[in-house]
Amino acid sequence: MNVQTAATRKVSPDASAKDAAIAIDDVTLRFTTPDGHMMTAIRDFTMTVARGEFACVVGPTGCGKSTTLNLVTGLLKPTTGTVRVMGNPVTSISRDIGFVFQADALFPWRSVIDNVAAGPLYRGESKKQAYERARDWIARVGLARFEQHYPHQLSGGMRKRVALAQTFINQPKILLMDEPFSALDIQTRTLMQDELLTLWSELKSSVVFVTHDLEEAIALADKVYVLTAGPGTVKSVYQIELPRPRVMAEIRYDTQFVEIARIIWDDLREEVQIGQSRTLETGQ
Amino acid sequence: MAALSPSDSSRPSRDAAIASAELSAKGRARRRYALVITLRLAILVIFLGLWELGTDTKVIDPFFFSSPSGIGEQIWTWITEGTSQGPLWQQIYVTLEETFIGFFIGAVGGIVAGIILGRNRLLADVFSIYIKIANSVPRVVLGSVFIIALGLGMASKVALAVVMVFFVVFANAFQGVREADRAMIANAQILGASPMQITRTVIIPSAMSWILASLHVSFGFALVGAVVGEFLGAKQGMGLLISTAQGAFNANGVFAAMIILAVMALVIEFIITQIENRVLKWRPAPFSGQGT
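Protein chains in written order, with the working numbering: chain A, 1 to 284; chain L, 1001 to 1292.
Next up, chain A with everything else stripped away, as it sits in the complex (with noise of 0.2 angstroms):
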């Protein structure tokens, strides 16, 4: 098969690279399930992300695509293999890093600005300064009208508004995004994806992000990696070069990216039916 277009191209993935921002090298990940059984969630699997790189992730339901997250934070702990945030291997959870959930991770019991201080308080920031932070950070994001609110009084689009102002105050050099954008419908889901790329823009973090859907994974990365049905590993990967900035309402209809979509759902297409028939065997 060709692959070899103008705006994609097969890399192979490359832990050696000494600058990274992320490097996970040959990692096995097996953890026991509490009837004994020995489970394999990911097989030697290498990634690497670059500082200020936008990496996404995308593979068949049940491949491992957000143990891959649990790596970089060190909520999990890998088998064999290492993992390195900015050069030095994960031991605990690193102040670098930011995290947006897929399920809405805010704390209902407090105000908007009392959830984006959060961060900051947490790290023993002081309290009127961690306060002003916030304040200009619920303005960055749209909501200063409603800083006094509560979670449940905001719309799904909202309070994930709300959770990217919680990450993003605490300047993370990594951010990990888990389907954040999963739950919203498509036209917000449209905004929140351009609201992301403005706020990564100012911010030069690297990203790695998550998602089942391909074409958000296109419209936001400079880098697409494909898992294969679980134990997921590295299948291929694909350099996504459409310029930027991206406009995400638009970019959908820009015929390279409807080239590159093509190239990649043939291969992705391929894992998505072995990771259905599997399902659909085995009954789990």
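Possibly wrong hints are sitting among the right ones.
Stated by the list, open to error - With a straight-line Cα cutoff of 20 angstroms, these simulated SDA-like cross-link-like pairs (lysine to any residue) come out: (1) 77/A with 1047/L; (2) 1281/L with 1270/L; (3) 1281/L with 235/A; (4) 235/A with 32/A; (5) 1281/L with 110/A; (6) 127/A with 1198/L; (7) 127/A with 1196/L.
Claimed, not checked - Reference listing, derived: stretches of chain L covered by chain A, where coverage requires no fewer than 3 residues with Cβ under 8 angstroms from a Cβ of chain A: (8) 1182-1194; (9) 1201-1213.
Rather than coming from a laboratory, the hints here were simulated on the basis of the structure.
As the structure is a prediction and not an experimental result, all values here were calculated from the model.
Glycine included, every Cβ here is placed at the ideal spot set by N, Cα and C.
Mind docking chain L on chain A? Use the hints.
For chain L alone, kept in the frame of chain A given last:
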């Protein structure tokens, strides 16, 4: 391709229609509320009326089942002349004091134990069996043990109220801690919270609605503990008042004390609800859906 727009009907007339619809909806809600109150009062009046009528015509024997007027007289006598064991206020005060001290100790103990065991898997696995055993003992029986051990004074009643309250609050606090959202805890961890900060700012607030729900129920239990304790042996209190009335075959006295206890429980229930609403003001109001 032409964009179509719905024709713009006259704005002022539509606004007026909306305003009048809102007004009539408000009127309906008010009338319905009035109807509910009226029906409630009617049921009370009918119930008391039939009871009184029954006792007047000897269909119901007032010796066993008392009568509304008899109960009223009894309460009035207690208020104006005092009870056989001293002024009524003092009896209420003694029972309330035992209830509150027992409730407070039991609730604090239950919350602390629930949070510690909820946060520590090993401790939970080790102690869960003992808590199950302790919980299966009919707690009222402990009243006798406490009276033998602690005497007829306040301590034995407080102890009984404590054990009545502790297990309910403990079970809820434990469950509340266990139910704390995983994503929320992970979020706090990554935002930079220490284990202590997580307990304080995530675990306790999210267990709070469980804990407050248990406080509602367990206050009633504390009152039961105090009254039963007095019943088993005491020098003062509402429980003793009931047991004295029972000994004298004074049905009016038993019913009167019962009603006084019910009123006490309702007043305190109301106060707890107020506190709960204040603490849980972040919760969505039922039926309102998305607020504005």
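Original post:
Is residue 235/A within 20 angstroms of residue 32/A, Cα to Cα?
Top reply: The given pair, whose Cα atoms are some 25 angstroms apart, is violated under the 20 angstroms limit.
Original post:
Do three or more residues from the region 1182-1194 of chain L put their C-beta atoms closer than 8 angstroms to C-beta atoms of chain A?
Top reply: n = 11 at 8 angstroms, threshold three: holds.
Original post:
Under the criterion that the straight-line Cα-Cα distance not exceed 20 angstroms, is the pair residue 77/A, residue 1047/L satisfied?
Top reply: Between residue 77/A and residue 1047/L the Cα gap is close to 69 angstroms, so the pair fails against 20 angstroms, i.e. violated.
**OP:** Decide if the proposed pair is consistent with the structure: residue 127/A and residue 1198/L, CA atoms, cutoff 20 angstroms inclusive.
**Re:** With a Cα-Cα distance of about 18 angstroms, the restraint between residue 127/A and residue 1198/L holds, given a limit of 20 angstroms.
Subject >> Restraint check for residue 127/A with residue 1196/L, where alpha carbons must lie at most 20 angstroms apart >> reply: holds, 19 angstroms
Original post:
Are the Cα atoms of residue 1281/L and residue 1270/L separated by 20 angstroms or less?
Top reply: The hint holds at about 16 angstroms.
Subject >> Pair hint residue 1281/L and residue 110/A, alpha-carbon separation not exceeding 20 angstroms >> reply: holds, 10 angstroms
**OP:** Check whether three or more residues of the region 1201-1213 of chain L sit with their beta carbon closer than 8 angstroms to a beta carbon of chain A.
**Re:** holds (count 5)
Original post:
Quick one, are residue 1281/L and residue 235/A close enough, alpha carbons at most 20 angstroms?
Top reply: violated, 50 angstroms
Consistency note: the structure conflicts with the earlier hints numbered 1, 3, 4.
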